[in-house]
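Turn these sequences into a full structure, and let the hints steer you where they fit.
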Amino acid sequence: MPELPEVETIRRTLEEKILYRTIQGVEILYPRVLRNCDHGQLEAALVGRCFTKLDRRGKYLICSLDSDHRLVIHLRMTGRLVTVPVDDAVEKHTSFCIHLEDDSDLRLVDQRKFATVDLLQGPGWGSIKGLESLGKEPLDEDFTPAYLADQLSGRRAAVKSVLLDQRRVAGLGNIYVDESLHRAGIFPGKIAGNITEEEVRRLHQSIQGVIREGIAHRGTTFRDYVDGEGRQGGFQALLRVYGREGEPCSTCGEPIARIKLAGRSSFFCPRCQG
DNA sequence: AGCTTTACCTCAGCGC
DNA sequence: TGCGCTGA
DNA sequence: GTAAAGC
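Quick note on the working numbering: the first sequence kicks off at 978 and runs consecutively.
It is worth saying that the hints were derived from the structure and are not from the lab. In this text, a Cβ means the ideal position worked out from N, Cα and C, and glycines have one as well. Don't take each hint at face value.
As the list claims (entries may be wrong) - In the EDC-like style, the derived pairs of lysine to aspartate or glutamate whose C-alpha atoms are separated by at most 16 Å in a straight line are:
#	residue 1	residue 2
1	1090	1201
2	1069	1190
3	1030	1004
4	994	1032
5	994	1079
To be verified - Have a look at the derived ranges for each label pair, beta carbon to beta carbon:
#	residue 1	residue 2	range
6	997	1228	44 to 52 Å
7	1016	1170	32 to 40 Å
8	1091	1178	33 to 41 Å
9	1009	1079	27 to 35 Å
10	1173	1069	13 to 21 Å
11	1079	1168	36 to 44 Å
12	1091	1123	33 to 41 Å
13	1215	1123	23 to 31 Å
14	1214	993	35 to 43 Å
15	1007	1043	22 to 30 Å
16	1182	1079	39 to 47 Å
Printed below as a string of structure tokens:
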């Protein structure tokens, strides 16, 4: 599940591989990957041009072209964005191939086919609803304890569901939310509005810490994730609760528990996060 | 309005 | 070995 | 992981 650190790692690894290489062709193997255009429109916008810049906003990857077009990619659950030699066999579940001038391919491989591509022309986010309503980036300086407190205050929902809401904080997903809450010593099911000032400070610190470390270790490969060069991440070795049901808590030894919250599996330490 | 559930897909892993 | 169910 | 549909 690519979250902020994984998308950021993909962005960095792809930069060296795809920028300023002329696009020679576009193949769409799963047409529904295109949300707001068809194959012809995408081809018209891409072929003969090149990518000039890759940006990330939350879990969105924004690929600028040497025109006023941008390609916005969201990988959802199982999307993998990789560069390979054109001659490599096309993997099962490949949604598209973009052929570059150096005989390399940018490919989207996506077992569950939830990943999406939007083509934008001109400024603004067009009809990409999730992108225009995105909350603050956890590593931006305007992501302050006061901002976080404001997002949590007055809400009756579980703190975990608020943190998963991309309109509150951009880029957190199931793994990094569970890890942040464990480091902050907060039960994921605690009512967001009941989080104390002290807890907000700890949560703010732990979110920034977990996201920074996640990026430093090139993301978490729990299952499908690989970066733009096909390499696995390293942060999975440092996970303290996610996927560790029954294993002893790294801080107190209590077995990690698992509950269902906001429709997602949630891992926590019953003692540290009472 | 805010929160929860469901739909979108395919497959690995489990129990029988 | 295969079937259905669960969860990612 | 999210958008849309349902309380």
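Against the structure, the hints come out as follows:
no. : hint                      : result
1   : 1090 <-> 1201             : holds (13 Å)
2   : 1069 <-> 1190             : violated (32 Å)
3   : 1030 <-> 1004             : violated (22 Å)
4   : 994 <-> 1032              : holds (15 Å)
5   : 994 <-> 1079              : holds (10 Å)
6   : 997 <-> 1228: 44 to 52 Å  : holds (47 Å)
7   : 1016 <-> 1170: 32 to 40 Å : violated (48 Å)
8   : 1091 <-> 1178: 33 to 41 Å : holds (35 Å)
9   : 1009 <-> 1079: 27 to 35 Å : holds (29 Å)
10  : 1173 <-> 1069: 13 to 21 Å : violated (49 Å)
11  : 1079 <-> 1168: 36 to 44 Å : violated (54 Å)
12  : 1091 <-> 1123: 33 to 41 Å : holds (35 Å)
13  : 1215 <-> 1123: 23 to 31 Å : holds (29 Å)
14  : 1214 <-> 993: 35 to 43 Å  : violated (25 Å)
15  : 1007 <-> 1043: 22 to 30 Å : holds (27 Å)
16  : 1182 <-> 1079: 39 to 47 Å : holds (44 Å)
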